[in-house]
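*Asks:* Chains as they are written, first to last, in the numbering used here: chain A, 1 to 458; chain B, 459 to 797.
If you're looking for bench data, these hints aren't it; they were derived computationally from the structure.
Nothing here was measured: the structure is a model prediction, and the numbers come from that model.
C-beta atoms are modelled at their ideal positions from N, C-alpha and C, and glycine is treated no differently.
Check the hints yourself; a few may be wrong.
Label pairs and their computed distance ranges (CB to CB) [unchecked claim]: (1) A:ASN444 - B:GLU786: 51 to 61 Å; (2) A:GLY112 - B:GLU786: 53 to 63 Å; (3) B:ASN692 - A:LEU42: 46 to 56 Å; (4) A:GLY210 - B:MET763: 27 to 37 Å.
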Amino acid sequence: MTESSSNSTPSAATQGWSVQDKVSASLRSRKRKEKAFKNLGLASVLVSLALVAILFINIFSKGIPAFWQTSMELDIYFDPQIVNVPEKPVQQADESFYDFDNRLQEWETELGFVNFNALINNAIIPLLPDFERSQTRFLTQLITSGERHALRQMVMDDPSVIGQTKTLRLLTAANIDVWLKGNIDRDLPDEQQQLPALVRDWADQLYAEGAIQNRFSTALFMNPDSRSSLASAGLAGAFVGSFYMMLIVIFLAIPMGVAAAIYLEEFAPKNKITDVIEVNINNLAAVPSIIFGLLGAAVFINWFNLPMSAPVVGGLVLSLMTLPTVIIATRSTLRAIPPSIRSAALGLGASRTQTVFHHVLPLAIPGILTGSILGVAQALGETAPLLLIGMKSFVASVPQTPFDQSTALPVQIYLWQGNELRNFFEARTSAAIIVLLMLMLSLNALAIWLRRKLEVRW
Amino acid sequence: MKRLATILCATAALTAFGAQAQQRDVIQISGSSTVLPFSSIAAEEFGNNFSRFRTPVVGSGGSGGGLRQFCQGVGANTIDIANSSRAIRPNELANCHANGVNQVIEVKIGYDGIVFASRAGAGDFKLEPKHVFLAQARQVPQNGQMVANPYTNWSQIDSSLPDQDILLAIPGSNHGTREVYEEKVILDGCKAFSEITALDSSAQNDVCLAMRTDGRVVEIAGDYTETLARLEANRNAVGVFGLSFYESNRDRLQVATVSGVVPTIDNIISGEYPVSRPLYFYIKGEHIGVIPGLQEFAMFYLSDMTSGFGSILEEAGLIPLGDDERQEVIQAIRSKQAL
Chain A
1 MTESSSNSTP SAATQGWSVQ DKVSASLRSR KRKEKAFKNL GLASVLVSLA LVAILFINIF
61 SKGIPAFWQT SMELDIYFDP QIVNVPEKPV QQADESFYDF DNRLQEWETE LGFVNFNALI
121 NNAIIPLLPD FERSQTRFLT QLITSGERHA LRQMVMDDPS VIGQTKTLRL LTAANIDVWL
181 KGNIDRDLPD EQQQLPALVR DWADQLYAEG AIQNRFSTAL FMNPDSRSSL ASAGLAGAFV
241 GSFYMMLIVI FLAIPMGVAA AIYLEEFAPK NKITDVIEVN INNLAAVPSI IFGLLGAAVF
301 INWFNLPMSA PVVGGLVLSL MTLPTVIIAT RSTLRAIPPS IRSAALGLGA SRTQTVFHHV
361 LPLAIPGILT GSILGVAQAL GETAPLLLIG MKSFVASVPQ TPFDQSTALP VQIYLWQGNE
421 LRNFFEARTS AAIIVLLMLM LSLNALAIWL RRKLEVRW
Chain B
459 MKRLATILCA TAALTAFGAQ AQQRDVIQIS GSSTVLPFSS IAAEEFGNNF SRFRTPVVGS
519 GGSGGGLRQF CQGVGANTID IANSSRAIRP NELANCHANG VNQVIEVKIG YDGIVFASRA
579 GAGDFKLEPK HVFLAQARQV PQNGQMVANP YTNWSQIDSS LPDQDILLAI PGSNHGTREV
639 YEEKVILDGC KAFSEITALD SSAQNDVCLA MRTDGRVVEI AGDYTETLAR LEANRNAVGV
699 FGLSFYESNR DRLQVATVSG VVPTIDNIIS GEYPVSRPLY FYIKGEHIGV IPGLQEFAMF
759 YLSDMTSGFG SILEEAGLIP LGDDERQEVI QAIRSKQAL
């Protein structure tokens with residue numbers, strides 16, 4: 001610096017310019033540029049923060065109320081006159097399982113003919129002082145239709161409830177929930193309302209008396225999807241489906257990806273072939289996910305005859321998608337480990353396999369874990385390939401195995417977004433988004449925590 | 459050698475998976491998004507009422523998409539039932555037969571109305587089929603000649619219509635609703651003009667169905683919620699919906715009369731409301747007896763308890779079959795009467 005300034009002094013003096021002027025002139029413009037860049041950066045951070053805030057406020061303000069649902073506490077009397085079924089069959093000592101199963105099924109069929117709605121109606125009528133017999137058909141609009149199956153299930157599990165009175169909390173119908181929460185404009189005329197005026201008055205009256213309460217509901221978490229009983233539609237089926245898929249990704253993509261990365265990084269010779277492989281892995285990571293769905297439909301379903309809409313196919317497809325992410329993350333972690341560690345191990349007489357598995361891999365674990373968890377989180381939120389392998393079907397049961405038909409969390413959001421009862425499902429969809437977001441955030445937090453905890457510095 | 463053995467093992471394992479998959483015990487349904495809500499409800503009730511059978515799985519994809527999947531062949535990796543909001547076409551049936559699906563059993567489940575609706579609070583529409591034709595056609599007849607569609611506002615078509623820009627959201631060609639819409643509204647409205655009827659019959663359909671391309675007619679490939687979103691984004695838009703969808707969203711939508719008739723269940727049963735159509739599903743006869751509960755599901759679906767008057771499906775917006783028609787359809791299922 002000093003040298004250059006001493007060199008420039010004579011020329012500056014001849015032009016009548018002092019060095020000081022020149023420097024301060026350029027300094028001003030440099031400072032201006034720096035300030036402009038800083039402001040630009042700050043503005044873009046603020047804009048993106050504002051967009052995230054708008055998204056979150058929008059989703060949370062819509063979705064949070066859906067975790068609370070209106071329900072009604074009723075004293076249900078399991079009237080033996082209505083639940084008029086013979087005793088539940090018990091397996092006799094000399095009876096084959098097949099015969100017993102047939103008798104049990106006959107009994108269950110008989111139970112299926114019982115009018116459980118009558119039990120619910122009998123419990124509601126005493127709460128409505130002005131009730132008239134002719135209004136009976138409106139009563140079913142108060143409680144969601146799935147609850148009668150819950151009552152039947154209770155009798156099926158334990159027939160001794162017949163003749164007893166049980167205090168149960170039953171979910172109200174979706175339209176009652178919409179009405180009481182004000183999700184439909186309460187001032188609209190009758191012909192634009194979903195419920196008849198009588199039922200709306202009942203709902204208001206029962207709500208004012210405290211018979212119907214707006215309570216935190218586990219239905220959203222415990223039930224599978226439903227279309228005949230909208231108020232009890234839940235995420236359980238989708239959650240278990242996603243869980244199976246993530247298990248398959250964890251047990252398939254991560255071991256394969258890590259093994260491939262170790263081979264490529266530590267053992268493979270550097271030649272044309274490995275170059276081609278490397279380029280292709282990077283390309284694979286850039287392939288749009290929907291292409292993997294097409295591949296899954298063509299190969300796993302049509303060729304291997306795996307079932308449609310099953311988590312096993314979804315898991316395989318998502319594994320393919322996650323594989324390059326895991327390979328790339330693992331390779332960069334391995335590359336970051338100082339060669340001195342390998343040299344030391346080799347110098348002390350360890351074989352290459354021993355070097356890798358005793359010394360390099362343990363140091364690489366934090367990076368591999370982080371990469372894998374982020375890959376799994378990405379797979380958890382993936383929707384497009386699942387649509388192509390038939391996972392957007394309506395499934396009303398929780399899958400027992402990965403071969404059973406199922407949906408996944410992001411697909412469930414897509415399905416609820418398309419449900420025709422918009423007033424109820426707009427909130428439900430946002431609630432499902434919140435659940436998925438929370439899962440993703442906790443996976444990402446786990447990744448960060450593991451990295452912090454296991455990080456090694458050289 | 460060892461590597462080869464590993465590969466063989468992996469292949470064997472996957473084949474074993476495949477063999478296991480051959481024995482599917484759950485009914486797979488796909489197709490029309492109009493029929494989807496009804497089939498889903500029937501499926502759920504079926505699973506709840508018959509603990510022996512598992513709850514059928516219902517997918518969507520439009521009538522055309524469902525029938526294409528249905529006709530792919532016979533076997534556990536093909537669907538058992540295709541929902542359709544229109545009757546199967548001869549070429550689709552031929553495709554089915556070509557792929558070995560010879561027993562296609564047609565089941566009519568009821569009726570549905572197609573309604574025009576605008577956003578609640580927007581203008582009140584009293585449509586005639588010819589108004590809709592004039593709003594969507596590429597060329598319209600004027601003073602004995604065909605000219606490029608000059609209409610940009612509904613009130614230009616007819617002074618009784620509201621002063622609103624034309625923006626029409628119609629179902630995409632993958633939907634069965636589209637076919638009924640074209641047949642019962644567009645062709646009907648189009649052939650009211652003497653300029654059109656003067657053309658020879660093959661040219662008539664081409665002229666009638668050609669759509670303007672200036673963005674005033676939007677084809678919606680997705681569900682009715684997508685059409686609803688269009689209406690919510692643009693106050694002027696008029697959309698085509700199924701009656702049951704409108705019934706679930708009466709607070710957001712305002713329905714138009716067609717030829718002076720309000721679309722209600724009564725008007726559709728009596729035939730007064732012109733734009734209604736039967737809804738169907740098609741059963742793969744080859745799968746009856748292989749996939750447990752297939753025939754039972756169809757019988758359950760068609761029972762009075764599930765889809766008759768006062769049933770859960772009527773509550774969901776399906777217009778039930780008459781008694782005689784229902785008996786005929788049930789007979790067809792029982793005797794596996796193929797097309």
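*Asks:* Hint by hint, note whether the structure agrees.
*Replies:* Do the hints match the structure? See the list:
no. : hint                            : result
1   : A:ASN444 - B:GLU786: 51 to 61 Å : holds, 59 Å
2   : A:GLY112 - B:GLU786: 53 to 63 Å : violated, 27 Å
3   : B:ASN692 - A:LEU42: 46 to 56 Å  : violated, 36 Å
4   : A:GLY210 - B:MET763: 27 to 37 Å : holds, 36 Å
In this structure, the earlier hints numbered 2 and 3 are contradicted, and the remaining ones agree with it.
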